[in-house]
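Build the full structure now, drawing on both the sequences and the hints.
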Amino acid sequence: MSNLPIFDVAGSAMNAQSVRLSTIASNLANADSVAGNPDEVYRAKQPVFRAEGVPGDASLAGVNVVEVRESTDAPLKRYEPGHPLADAQGYVYAPAVDPVAQMVDLISASRSYQANVEVFNSAKELALSTLQMGR
Amino acid sequence: MSDFLGIHGTALALREQRLQLLSANLANADTPGFKAQDLDFTSALQSALQPNAAAGDAIDAASQGARYQRPSSQPSVDGNTVDGEREHALFAQAALEYRASMTFVESKVRGMLTAITGQ
Chain A
1 MSNLPIFDVA GSAMNAQSVR LSTIASNLAN ADSVAGNPDE VYRAKQPVFR
51 AEGVPGDASL AGVNVVEVRE STDAPLKRYE PGHPLADAQG YVYAPAVDPV
101 AQMVDLISAS RSYQANVEVF NSAKELALST LQMGR
Chain B
1 MSDFLGIHGT ALALREQRLQ LLSANLANAD TPGFKAQDLD FTSALQSALQ
51 PNAAAGDAID AASQGARYQR PSSQPSVDGN TVDGEREHAL FAQAALEYRA
101 SMTFVESKVR GMLTAITGQ
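So the protein sequences, as listed, match chains A and B. All the letters of the first sequence, read from the start, carry residue numbers 1 to 135 under the working numbering. All the letters of the second sequence, read from the start, carry residue numbers 1 to 119 under the working numbering.
In case anyone wonders, no lab produced these hints; they're calculated from the structure. Source: prediction; values computed, not measured. Hints are not guaranteed to be accurate.
Unchecked claim - Quick list of in silico lysine-lysine cross-link-like pairs, DSS-like style, CA-CA up to 30 Å: (1) Lys45(A) with Lys35(B); (2) Lys77(A) with Lys124(A); (3) Lys35(B) with Lys124(A); (4) Lys77(A) with Lys35(B).
As the list claims (entries may be wrong) - From the structure, some residues in chain B lie toward chain A, with a derived Cβ separation under 10 Å: (5) Asn25; (6) Leu26; (7) Asn28.
Even glycine gets a Cβ: it sits at the ideal position worked out from N, Cα and C.
This is the structure:
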């Protein structure tokens, strides 16, 4: 693929954005996963992106997901004595996930993904018509 | 062969290099600290067309030399200087310019084919 580095670049970006979409989905899905112990609570995940050279051309930057970092925010403590998971004092702990912020991030990630699909399609079209040259 | 295609063969190769840079910018629109890059097409074409430039390396050397970091009109806090909308517009324009160069090359090739086959 190194002859056509645009595909590598756009592909790496689509991969990175899809990791981001997955972490957002995971965060939203677990927004209400409470636990009876603050250490067992789900922690919001966030991918960390870094620009990295593609195999064919080191000076051309694709995107790499270096790590998926877990949030260090303290879990939310809620007083729900009737909850089956409540601890001795009647508290349950919910993850510190802000659904509104996650939705905003979701929109941003899907727009970026779409942008890279557009780039991929344009590059494919150009490459195909270059192959058709002189016919 | 490159003499036959004239300026258009070189221009086509350089336009592809510019498309690559713009696609890297779009790909890194969310990468913290990434600086948007662009190709100064005029100076790249001028240095690639220098008579003493080596045939194969001329385009790579010219495109490396003509790269520059494009400042953002709205820099973000994380140091990223990619403007998504602007990058989109430039990519669309660059794709069109690539097509234009390709049409010129193609008409040259067609002309040569007509001359060879005589039909």
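Hint-by-hint comparison with the structure:
1. Lys45(A) with Lys35(B): Status holds; Cα separation ~26 Å.
2. Lys77(A) with Lys124(A): Roughly 52 Å separates the two Cα atoms, so the pair is violated.
3. Lys35(B) with Lys124(A): The hint holds at about 26 Å.
4. Lys77(A) with Lys35(B): Roughly 41 Å between the alpha carbons, so the hint for Lys77(A) and Lys35(B) is violated.
5. Asn25: 8 Å, holds
6. Leu26: Holds, because the Cβ-Cβ distance from Leu26(B) to chain A comes to roughly 5 Å (cut-off 10 Å).
7. Asn28: Since chain A brings a Cβ to about 5 Å from Asn28(B), closer than 10 Å, the hint holds.
Of the numbered hints given earlier, the model fails hints 2 and 4; all others are met.
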